[in-house]
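Novice: Letter by letter, the chains look like this.
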Amino acid sequence: MAKTNSGRFFEDYSIGQVIRHAVPRTVSGGERALYHALYPARHALYSSDAFAQSCGLAESPIDDLAAFHVVFGKTVPDVSLNAVANLGYAEGRWLLPVYPGDTLRSESEVIGLKQNSNGKTGVVWVRTRGLNQRDQIVMDYVRWVMVRKSDLDAPAPDTTVPELKPVLEAGDLTIPEGLDFSGYDFTLAGEPHRWGDYEIGEKIDHVDGVTIEEAEHMMATRLWQNTAKVHFD
Amino acid sequence: MAKTNSGRFFEDYSIGQVIRHAVPRTVSGGERALYHALYPARHALYSSDAFAQSCGLAESPIDDLAAFHVVFGKTVPDVSLNAVANLGYAEGRWLLPVYPGDTLRSESEVIGLKQNSNGKTGVVWVRTRGLNQRDQIVMDYVRWVMVRKSDLDAPAPDTTVPELKPVLEAGDLTIPEGLDFSGYDFTLAGEPHRWGDYEIGEKIDHVDGVTIEEAEHMMATRLWQNTAKVHFD
Amino acid sequence: MAKTNSGRFFEDYSIGQVIRHAVPRTVSGGERALYHALYPARHALYSSDAFAQSCGLAESPIDDLAAFHVVFGKTVPDVSLNAVANLGYAEGRWLLPVYPGDTLRSESEVIGLKQNSNGKTGVVWVRTRGLNQRDQIVMDYVRWVMVRKSDLDAPAPDTTVPELKPVLEAGDLTIPEGLDFSGYDFTLAGEPHRWGDYEIGEKIDHVDGVTIEEAEHMMATRLWQNTAKVHFD
Numbered sequence: 001m002a003k004t005n006s007g008r009f010f011e012d013y014s015i016g017q018v019i020r021h022a023v024p025r026t027v028s029g030g031e032r033a034l035y036h037a038l039y040p041a042r043h044a045l046y047s048s049d050a051f052a053q054s055c056g057l058a059e060s061p062i063d064d065l066a067a068f069h070v071v072f073g074k075t076v077p078d079v080s081l082n083a084v085a086n087l088g089y090a091e092g093r094w095l096l097p098v099y100p101g102d103t104l105r106s107e108s109e110v111i112g113l114k115q116n117s118n119g120k121t122g123v124v125w126v127r128t129r130g131l132n133q134r135d136q137i138v139m140d141y142v143r144w145v146m147v148r149k150s151d152l153d154a155p156a157p158d159t160t161v162p163e164l165k166p167v168l169e170a171g172d173l174t175i176p177e178g179l180d181f182s183g184y185d186f187t188l189a190g191e192p193h194r195w196g197d198y199e200i201g202e203k204i205d206h207v208d209g210v211t212i213e214e215a216e217h218m219m220a221t222r223l224w225q226n227t228a229k230v231h232f233d
Numbered sequence: 001m002a003k004t005n006s007g008r009f010f011e012d013y014s015i016g017q018v019i020r021h022a023v024p025r026t027v028s029g030g031e032r033a034l035y036h037a038l039y040p041a042r043h044a045l046y047s048s049d050a051f052a053q054s055c056g057l058a059e060s061p062i063d064d065l066a067a068f069h070v071v072f073g074k075t076v077p078d079v080s081l082n083a084v085a086n087l088g089y090a091e092g093r094w095l096l097p098v099y100p101g102d103t104l105r106s107e108s109e110v111i112g113l114k115q116n117s118n119g120k121t122g123v124v125w126v127r128t129r130g131l132n133q134r135d136q137i138v139m140d141y142v143r144w145v146m147v148r149k150s151d152l153d154a155p156a157p158d159t160t161v162p163e164l165k166p167v168l169e170a171g172d173l174t175i176p177e178g179l180d181f182s183g184y185d186f187t188l189a190g191e192p193h194r195w196g197d198y199e200i201g202e203k204i205d206h207v208d209g210v211t212i213e214e215a216e217h218m219m220a221t222r223l224w225q226n227t228a229k230v231h232f233d
Numbered sequence: 001m002a003k004t005n006s007g008r009f010f011e012d013y014s015i016g017q018v019i020r021h022a023v024p025r026t027v028s029g030g031e032r033a034l035y036h037a038l039y040p041a042r043h044a045l046y047s048s049d050a051f052a053q054s055c056g057l058a059e060s061p062i063d064d065l066a067a068f069h070v071v072f073g074k075t076v077p078d079v080s081l082n083a084v085a086n087l088g089y090a091e092g093r094w095l096l097p098v099y100p101g102d103t104l105r106s107e108s109e110v111i112g113l114k115q116n117s118n119g120k121t122g123v124v125w126v127r128t129r130g131l132n133q134r135d136q137i138v139m140d141y142v143r144w145v146m147v148r149k150s151d152l153d154a155p156a157p158d159t160t161v162p163e164l165k166p167v168l169e170a171g172d173l174t175i176p177e178g179l180d181f182s183g184y185d186f187t188l189a190g191e192p193h194r195w196g197d198y199e200i201g202e203k204i205d206h207v208d209g210v211t212i213e214e215a216e217h218m219m220a221t222r223l224w225q226n227t228a229k230v231h232f233d
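Protein chains in written order, with my numbering: chain A, 1 to 233; chain B, 1 to 233; chain C, 1 to 233.
If you're looking for bench data, these hints aren't it; they were derived computationally from the structure.
A hint or two may mislead.
Listed next, the in silico DSS-like pairs over lysine-lysine satisfying Cα-Cα at most 30 Å (straight line) [as the list claims (entries may be wrong)]:
hint, chain 1, residue 1, chain 2, residue 2
1, A, Lys149, A, Lys229
2, B, Lys203, A, Lys3
3, A, Lys203, C, Lys149
4, A, Lys149, B, Lys203
5, A, Lys203, C, Lys3
6, B, Lys203, A, Lys229
7, C, Lys203, B, Lys3
8, B, Lys149, C, Lys203
9, C, Lys229, A, Lys203
10, B, Lys229, C, Lys203
11, B, Lys3, B, Lys229
Could you build the full structure based on these sequences and the hints that come with them?
Specialist: Here it is in structure tokens:
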């Protein structure tokens, strides 16, 4: 019996299918420290318990993008192992802070399917939810990928292209319970600019760069338990 | 007074000698996150507190091989600093889970000695135990290495070759207290195959590879506080 | 409105000025594990809770140099972003252990200024304090750097060169409350040499080396949230 997960092909998806992704993960100060070592993260709220408490949170949450990487990584073996192209993301929302000690798992629902005219590939849309150990949704987002067919004779599914919002309304988003920026310490935050200091169309030159080597790429990919072949071959 | 540890040579070992190895270590979520970043680990039991609790454990233990690396690393300055060759391992057992917050230390007993016919080296067998902060043995294993003599005129010891089991019996192993796989979630585990799905002689092709660079090699070696020269020169 | 922090120039400093540095940080077992993975640290006191407790501490503190890196990194955007040269350090003291869960922030007071004769640069002396979440000073040190002027027409400040001790007295240092080495386990510590075994002028040959690559350099720099351009360009 072959022991290798060959991944899902285009004909293996159907509208409404819900996939529970494997390998739940408890995050700790270890994931935070590694995220900060691998990415140039400097947000005080995600760096300091004392700062987070002064903003009304119980303690400093894990960086939102670190939580995203954990949730996203789990979907790869089921969604994009046979992907030809990563096409897009939409309607992404962070709904609850993730704290050290929380356990994250992921689920995806197939919400769109469209076979390509070449008959060899198709586009799959999924809505992915990250859940914590209390089964609360901590984030969700839509992703679509182009996936190979394995059996070229498999019939094309009815085409379903989901209607996705070009932009989320403020009302679609949530604010963490208790979050209160009324006493926000701009000096400790290290960033004097506020909402009103930014304008549409403004170009910000992020000066200075940072060198990335294979070692960091591989460490991040493994840390997020992302098995996509494109990262390793 | 020379401050460098020149390590033990073959003539420095005697049967029954017990060596307490230095630098005990408390493991945390930091060691877990780094282990997962450096090795492609994806076992749900060692990744998720919630999953481990559903299997009857108090929380998710540190990966067994991470615990082994910690225990093993401590033995290097005393056992293999002057080793010519790492010859073998036997009778390795994990006896208790290691949890974040546990402190590990190592002890080795010399159980075998055999000088080689060239008179310049000999084989040393040790049984190493990893102990936690409650002095419980969390693992043990036998290892044998070929070690240089420093004083070639030192007399050869009586030859003692320990009898090692070619394979451990099920009765030699222990099952962690409370471990219960009766409600095991195979989907969350991400691995559908069970005991009965494997057969003797079966060949499993582990597809896909992963790039390793010096940076990861050095980080792992330092993390496990392994001082073997072969890793650094 | 430009969003980039261009850093302070020589004419922006004045004697007595106190700068509160941004991005406080809570340290955890994650920072410890990464410090041990990036640096060859093997001090039992900073590695094992059980060992630290046998020495009278509540648990194992974060390595002193790791705490220094955290405190120092925060000063870079305010002190040395436009530095031409890192000139010196003096009167450095670790005053309190830093434990996992502690939050560190940094403050610097300008204690010396001296414009160079070329009129283009000057030397700035600061005394930096690292503080924990209880506003206790956990370390302090003096540092001086040569900093560029931005406005060459800015008047030179009065020259103030602080008097720094060539060496700190024992009375300037503090011993952590409860620290007691009377039952110190030299075997577990892995280092048999004591105070009396070292003499002035003794040369110690630290044998063996370790390979450092860019990946480790970048990870350490990001982990300590150090934004100095010299590390990245």
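Novice: Compare the structure with each hint and give your call.
Specialist: Going through the hints against the structure:
| no. | hint | in the structure |
| --- | --- | --- |
| 1 | A/Lys149 x A/Lys229 | holds (17 Å) |
| 2 | B/Lys203 x A/Lys3 | holds (10 Å) |
| 3 | A/Lys203 x C/Lys149 | holds (27 Å) |
| 4 | A/Lys149 x B/Lys203 | holds (27 Å) |
| 5 | A/Lys203 x C/Lys3 | holds (10 Å) |
| 6 | B/Lys203 x A/Lys229 | holds (22 Å) |
| 7 | C/Lys203 x B/Lys3 | holds (10 Å) |
| 8 | B/Lys149 x C/Lys203 | holds (27 Å) |
| 9 | C/Lys229 x A/Lys203 | holds (22 Å) |
| 10 | B/Lys229 x C/Lys203 | holds (22 Å) |
| 11 | B/Lys3 x B/Lys229 | holds (17 Å) |
Checked against the numbered hints given earlier, this structure breaks none of them.
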